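Here is what each chain is made of, one letter per residue.
Protein chains: 6
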Amino acid sequence: MFYHDKKLQYRVRVDKPNPMFARMLQQAIGGIEGEIRVCLQYLFQAWGSRGPVKYRDMLLDTGTEEIAHIEMLATAVALNLEGAPASLKDEMAKDKMIGAVMGGMDPRHILSSGMAAMAVDSNGVPFNGSWVVGSGNIAADMYANVMAESTGRVLATRLWEATDDPGMKDMLSFLIARDTMHQNQWLAVIEELGGLKNVHPIPNSFPQDMENQEFNYKFFSTNIEADADVQGRFTSGPSMDGKGEFSAVRITPQGQEPQLGPPDPRGHAQKEQIEFYGGDSLIDKVKGAL
Amino acid sequence: MFYHDKKLQYRVRVDKPNPMFARMLQQAIGGIEGEIRVCLQYLFQAWGSRGPVKYRDMLLDTGTEEIAHIEMLATAVALNLEGAPASLKDEMAKDKMIGAVMGGMDPRHILSSGMAAMAVDSNGVPFNGSWVVGSGNIAADMYANVMAESTGRVLATRLWEATDDPGMKDMLSFLIARDTMHQNQWLAVIEELGGLKNVHPIPNSFPQDMENQEFNYKFFSTNIEADADVQGRFTSGPSMDGKGEFSAVRITPQGQEPQLGPPDPRGHAQKEQIEFYGGDSLIDKVKGAL
Amino acid sequence: MFYHDKKLQYRVRVDKPNPMFARMLQQAIGGIEGEIRVCLQYLFQAWGSRGPVKYRDMLLDTGTEEIAHIEMLATAVALNLEGAPASLKDEMAKDKMIGAVMGGMDPRHILSSGMAAMAVDSNGVPFNGSWVVGSGNIAADMYANVMAESTGRVLATRLWEATDDPGMKDMLSFLIARDTMHQNQWLAVIEELGGLKNVHPIPNSFPQDMENQEFNYKFFSTNIEADADVQGRFTSGPSMDGKGEFSAVRITPQGQEPQLGPPDPRGHAQKEQIEFYGGDSLIDKVKGAL
Amino acid sequence: MFYHDKKLQYRVRVDKPNPMFARMLQQAIGGIEGEIRVCLQYLFQAWGSRGPVKYRDMLLDTGTEEIAHIEMLATAVALNLEGAPASLKDEMAKDKMIGAVMGGMDPRHILSSGMAAMAVDSNGVPFNGSWVVGSGNIAADMYANVMAESTGRVLATRLWEATDDPGMKDMLSFLIARDTMHQNQWLAVIEELGGLKNVHPIPNSFPQDMENQEFNYKFFSTNIEADADVQGRFTSGPSMDGKGEFSAVRITPQGQEPQLGPPDPRGHAQKEQIEFYGGDSLIDKVKGAL
Amino acid sequence: MFYHDKKLQYRVRVDKPNPMFARMLQQAIGGIEGEIRVCLQYLFQAWGSRGPVKYRDMLLDTGTEEIAHIEMLATAVALNLEGAPASLKDEMAKDKMIGAVMGGMDPRHILSSGMAAMAVDSNGVPFNGSWVVGSGNIAADMYANVMAESTGRVLATRLWEATDDPGMKDMLSFLIARDTMHQNQWLAVIEELGGLKNVHPIPNSFPQDMENQEFNYKFFSTNIEADADVQGRFTSGPSMDGKGEFSAVRITPQGQEPQLGPPDPRGHAQKEQIEFYGGDSLIDKVKGAL
Amino acid sequence: MFYHDKKLQYRVRVDKPNPMFARMLQQAIGGIEGEIRVCLQYLFQAWGSRGPVKYRDMLLDTGTEEIAHIEMLATAVALNLEGAPASLKDEMAKDKMIGAVMGGMDPRHILSSGMAAMAVDSNGVPFNGSWVVGSGNIAADMYANVMAESTGRVLATRLWEATDDPGMKDMLSFLIARDTMHQNQWLAVIEELGGLKNVHPIPNSFPQDMENQEFNYKFFSTNIEADADVQGRFTSGPSMDGKGEFSAVRITPQGQEPQLGPPDPRGHAQKEQIEFYGGDSLIDKVKGAL
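Residue numbers (the UniProt record's numbering), protein chains in the order written: chain A, 1 to 290; chain B, 1 to 290; chain C, 1 to 290; chain D, 1 to 290; chain E, 1 to 290; chain F, 1 to 290.
Derived from the structure by calculation, the hints contain no laboratory data. A few of these clues could be false.
No copy labels: a pair is met if it fits in one copy or bridges any two.
In silico lysine-lysine, DSS-like type, Cα no more than 27 Å apart, as pairs [claimed, not checked]:
(1) K7 x K197
(2) K7 x K243
(3) K243 x K16
(4) K197 x K54
(5) K7 x K169
(6) K16 x K218
(7) K16 x K197
(8) K54 x K169
(9) K6 x K197
(10) K243 x K197
Only a predicted model underlies this, so the values are computations on that prediction, with no experimental measurement involved.
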């Protein structure tokens, strides 16, 4: 169950309100790299957690922390919007365009939310629940979390660069720090689970001898140029999971040309498609069945 | 630029067509864990690649391979649908319901595609371009790729369990093997880039002394119960990136209660909201400005 | 800021696990009538709240409670899925169809989440952030909340009818009770704000004499039949906001046929469209400008 | 069945075309607060109406009127776009940026629609059918309609503020007036149905003694601070539906820690998750079953 | 402006209600091939029509007719749902599954709409405004309309095959007839505009000598197999627009390997990406700029 | 199966980088008129192709070519973004707004992709798999393809007008030429299939005598004005498919007022809705069944 107090997890101060920056912050709220995503992702992973209980507890701890991050960012959006043009009409009077001020901000911050944050990204595209990944496999989930915190920290550093407002930089330096912790935290679980050699290939509970043994450690080059070969850690030497040896080959088809059967006449392809298979009688059959 | 031949990368054989399994395979085509996602993800990462050229080349190699995986799965869907009920009317005649056969398959495989694969998941939800992650930071992208191949291999093993068709199991054992390779491949890049200690925190080009130094390696417990402390690799000892020391604390607010300013009268909050700030004159000002 | 404990707000017990009911419960999690929507809606309204502080506080209280409702439902989904067929292959062996069991459940509960709840509705359509309404006008928001709790309680009673599992009925009777409270709660705010006569028309801060005075209390019949007139509380008598008198009329156009100007030649309509306005020279102008 | 004439419901005149305002008007066409939503919402409610026939008739009347509102706004968008820059190249020649004019407008008004309205909101996000609410419960639907007309009128007044074009202000003053009527109209139905005391809790056909009787009129504070209690009409006194007495309490968990069962081995969680439940034999069983 | 009467355009009769068929009919309401799409598409094309007025008038005529088609189908859905299981609990009592009946229908027809149509497709995926195509080019729009009526008629014939209910077959035979008319109608406009030779390439107002003259009538084979050449009407002979001569060639790259510049250091790629371009000083510059 | 080389299909050169143009190009990548759509559309049509094999082969050829078009455009986006403001902070220092430069570009090109293309349109709306049309009927599919290439060429000419960068104009003149070819190519298939008279009405395999014979070639005017009749090729003379004679009539309802049955009491409509049908006993029945 959940509780709150009225304070923010960390101070949010906006020295020079900036509606365009409010729009950019929306990416960290409702974007795929944003805080609604990690919040729901960690909570849903916790609620569906099967296996060692401590991971459930940890996910609840961090999922709950993330609600407070959405709160901080939503507050920052509202404060930045207080710098929106005092009078839209004045602005427009100068010129038939509503102007750069308007052009750069999200018009829905005026029209839909009345100067407050929304559950959308920096282009106004709504948050999408498909981004909430919880696979039931803890190792896959930890990588989903490392990925979320990595793109999240990249986003936060870009927002940090995009502002010279000291209050906003301070808030972002806190969020960047938390992303550092969370990257480390999910990686620590992977180490606890035995590290690369035990964890991979994910899922490690699938009997690996049931996978194709010829192609499971081969790098395929699909390049048709003569001198195309890429070389790297992934083309020779032991595989990262310690269970195979990397090699590299030019790709060649192992399968045949696919052959589909005739269309069911009741699906009403064009008759030329049906007749291609000697389908006259098929069409007659349909008529006969009426 | 891209080329093709008419053969499949690996053989696709369906011994006992099964429209319900066709629906399940759609998850591996148009779902968030599916092949359209990884195909476009690797290609977009290649096309926007800045830095060592070999990663661009490698991404092109594997992104191109993934087109062939979509092709294999789309072929498998079409072949499984050839087992759809020969006569919908006959089926329905038995009962006023179209029946379990129909209930379990995607009705759009009949209605929209005429017994062929679509760019949707197993519930008919369309593929969504937001899933195509390319951040411009190669380490973040590699984790996005490990995550995609991990949830992808989990999905493929579940599909493998869900069928006893030898042809389908054979095809899936190939795709599972390729996921093994690709997990290893992206991890190999992380090793080439210096491993956890060099790569993290991502992005490693942000001067880490600019992030908050108090909270960057602290695990926050948000649990209010007396005996709630979680312990793990992530609560003590050196951090995974070697740049800090894990510790754990109960969370406490570092910020204040947020205070937003009055609504702009032109945004037409209720007058009681405006007047709360002594806003009578604000409303008068609007009237005066008309 | 937010906190949690490990207990559920109310007991969740599943006596007879039922994967199909798990799917139905998803509507109450990730559907437009569901708990993620109200949770985020109340929290975003709180975070953007301007005006009397007590409404912010109240919204935080109830928004935080709703997280616990998602948690209860997610737990109920996971428990219901423990009744999923013990062996998919066995099930399929009976018949080439995976069967009614499979057909009725969400295949992604097997394929994507490994028997856990997801942020989607009962058809697997992802939660959509556009449903999170916070307009910056507290009266409009209260109606959005009454509406959410009304469709929410309708949904919960339908779920209650759809199960005869005593544990699920008990959990739903609790959620139904909370919806009763929340309907009353948002209506209480409308009363506090002065009731219908003060609150409407929303927004009450727009000078009502600026709206068209001829059509603001007229019911328009668009029916062309001779005997079509609808009569009701909305066709005569004082309006609900006490500021007008209802009347009813047959609709007649007050405007003219619209006339758009010629297409900009650079937008490349067909030349017949441009020439309709004597546009030959326009096309020449484009050529000349090359 | 439906008919039309060629005239607009009300005059649409644009004195000073403004492409940025065209973009803002899109919110009133294809946004969640917009006219496509109310049009389809009222028509779908009519088409599914069960119960007193006059509500079906009324919904058809107003749903049909709303088509004319979309038409007016679409015309306004097209007319405002006629002020788009006469020459994009000239504009761009000044500067490597296409400029404020371009920046502020929806680029798809040039690229996709050729200077005409689209079924999208002011950020180009497409209209979404999930917004069309018809629950089958007339009271819930009336609140959905009051909510739509309330956020709709808030939007229209904001658009009115955002323009000083006399033609646009005139058109908006008409639409604002219609929103006034429609708010009153749906509220009149609630009065006809017996008002708050008869209508609530919605649905009123669910036997209220089947809901939990302990928590159905209790306000839960989730705030953990000592001095956190909110007081208002919703914390004491008779409930709005007259069926209970409001009270307020600090929230406490009524449930237990959730306990999920072990993952099905065929779902391929990591083996550490399965073994946590003594699952070795489970994995062996899978292998044995191959 | 728009009007209605209370009657349906054509009779809608359901002899044997069938909830599964209700679900299938949703594809014709809210699917991409469905009636909401064509209705809005023709109306939006009308409202943005520039050029000969008669096309605007015609689009209004047919767009208005399509509203009546949605109405017919929505009525058919509601009537088919009256055959839904009289008691869900009874159904469930037989078995822990809610059963085939339930599995095959859209659960939201029970949970969300209370036995009425919704603005979604046969999988519950909401109608999406992006499907409403109006390009501002009348020839492109006519093809969009032919396409919509072609996939629409294919859908309607498949629905006709899927039912043996005489009432439903009668209604569908009417809708199939209207699709026949509408396919012919849009093709008639293309003939009026001068037929293939005048209309193509669309847009015909773009000076065709500005397009690349080497590749505008060449069929590219991307197949790398020796014997891969496809031959058809599209590989030799005069082009369909009469403005070129078809030929076929094996594709060869005309461009070079792309070379992107270094990442902006403020975008925080990994430092290895920046340093690849000799970027040490770039990172120093960032630090220096702090 | 698929292959690649490292070169582009055609040269991509950006003389004057322009982040706003980068945003506009996104429409041609991830928009409904864009290249991801045609690429996947042709490939999915190929993979589901039933009937003459040469069409499968041709679709593979052109679908593969389209991947190279995405590649060209993605490269063009990345190169145009190299002109983004060298320093966001410098830009912002001038003014509290980030400025027109920033306002006009897609902020996610900075925040999410680090100066690279994404799978979204010019408003940042993600590519949507529902746009990938493959109906299983080759004639319907050919019209879907003509439509895609027609709106695609309209888009490309608008982009051509929007830039005066010689490199971009050169690239676009190539893509415009390919759209010319592809329009002709799909039309050539329609001719091969026998032209309008054989192909229509689509599907031509549905026995046309089963469609309603009274209304299949009648133009319906829904206009209620006295002088409203539209005349054109579509109101008289032989139909385009040669199978009927066009005529035009004023529309009149052929159906009756719809009558739905009472709501199922377990769906919990308001009791006034149920009682309208004499439903008291229905509600009692629910209570009795508890």
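**Asked** What are the numbers of the hints the structure violates, in ascending order?
**Response** Violated: hints 1, 2, 3, 6, 7, 8, 9.
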